[in-house]
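K.L.:
Since the structure of chain G is already known, use the hints to place chain S on it.
Listed below are the residues making up each chain.
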Amino acid sequence: MLPWRDVAAETRLPFPPWIMLILCPLLSLLAIVWHGPWSLPVLAAVEGVLLVLARPGKKMLLRLALAAFWQTAVITGLYVLRYDMSQWQGGMDISFRLILVFVPGMLTVRLVPPSSLERILGRILPGNLAFVASCCLRFFPLLLDRIRIIHEAQVLRGARVMPRELLSPRNWPDAVICIGFPAIVQSIELATEIADSAKARGFEMHARRTLWPQDLNRQPAKPVTPTEAKQ
Amino acid sequence: MTPSQSSTALRDTLLMGFCALFLLGTKMVLRLNLGIPGHAMFFTVFFLILPRAATGKKLAATGTGLAAGLASMLLGMGKGGPLLLLKFLFPALTVDLAFLLFPGLGASMAFCAVTGLLAAATRIIGVAATDYLVGMDTAVLFAHAFIKTLSGALFGAAGGLAAAPVIRKLRARGLIPASR
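Residue numbers (numbering that gives the first Met the number 0), protein chains in the order written: chain G, 0 to 230; chain S, 0 to 179.
Here chain G stands alone, though its shape is the one from the complex:
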């Protein structure tokens, strides 16, 4: 049986991961709807603190800088083309705001571990949906493994589905028929297997589902000795 890991130990956050799941969409929303003079500095400061907490590597910072550069170039360019050079500041303002909209999401991926996300979903969603969500998350890697095996087999058969070959649109129909179709069939088969297994284990017998791994967090009950039982 897999050990039940401590949520706090696997995150880099000084607070529980669920706060991040509320804070990030809220920050994105504020970047869209809050237009006061202090909006940009305040949001930039909060997101900056979260970015420092995320301890981004060079690769992540480079990716962020590239995205910000293209965003700014396109929006500011459109402003200058529509009006004149004097309007570049308006374009920059909008670009900066759009960057503040998508940075929180990137931070969520960085700061909230997938396992914590799964556990949090189990608490939020109603019983059956939480079961479906956790099953999909749990079995998706297995499905990807099966698709990888199919891909390797198709490459050995001579299908033109190597990454370099897929750059040419002429090979896209091959990818759909040789990889897409078997992948869908595998998904249907896996979904059927899970549904049958769940049914065999009495799924939907109880209106309120239980989430057994949480019980492992609790201390096991102290065994009662025969002497204590007599008392």
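Derived by calculation from the structure, the hints in this document are not laboratory data. Some hints here could point you the wrong way.
Claimed, not checked - Label-pair restraints from in silico Cβ distances:
| hint | chain 1 | residue 1 | chain 2 | residue 2 | range |
| --- | --- | --- | --- | --- | --- |
| 1 | S | T137 | G | R145 | 47 to 53 Å |
| 2 | S | L58 | G | W17 | 27 to 33 Å |
| 3 | S | L100 | G | V184 | 42 to 48 Å |
| 4 | G | W17 | S | A142 | 36 to 42 Å |
Unchecked claim - To list a few chain S residues with every Cβ distance to chain G over 12 Å, as calculated:
| hint | residue |
| --- | --- |
| 5 | F101 |
| 6 | L104 |
| 7 | I123 |
| 8 | L160 |
Backbone N, C-alpha and C fix where the C-beta goes; we use that ideal spot for every residue, glycine too.
P.N.:
This is chain S only, laid out in the frame that chain G set:
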């Protein structure tokens, strides 16, 4: 609901969940590498049409789109924050509406292509709403939204074209009933 019905319903919901995860996965893998605007609509449309045709549920595409939208909103894939939900919701509703109005045409190339084109074109609503709410000038807003939607619509049509043969093969092998 009989046990067999509940098992089938669970299977269909799981399949929708897998399609939502495929949709997210392909978006995550492709959005930074290809550099062509709107190319993600290919897989968005493909994985919205497929659960609708495979499960036959009236709101299967909407359910898949909502699941993918909520997950991508939480994971912050793309710009728009909570408005990301709209970018999935409108194409999904379009797919469901098309299948509701023209049942049994799921395997038709023309039907899937037109549905994909229309579904991807509805992305303009989400893009325009985000731009409007951040305060973009109206004239620039329309140009920006149009540029972002045009290539997406073409990729959406291609996604529909790719879904049709897969649906046809699934029908031929008896994995989904011919009526869908």
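K.L.:
Output the numbers, in ascending order, of every earlier hint that fails for this structure.
P.N.:
Violated: hints 3 and 8.
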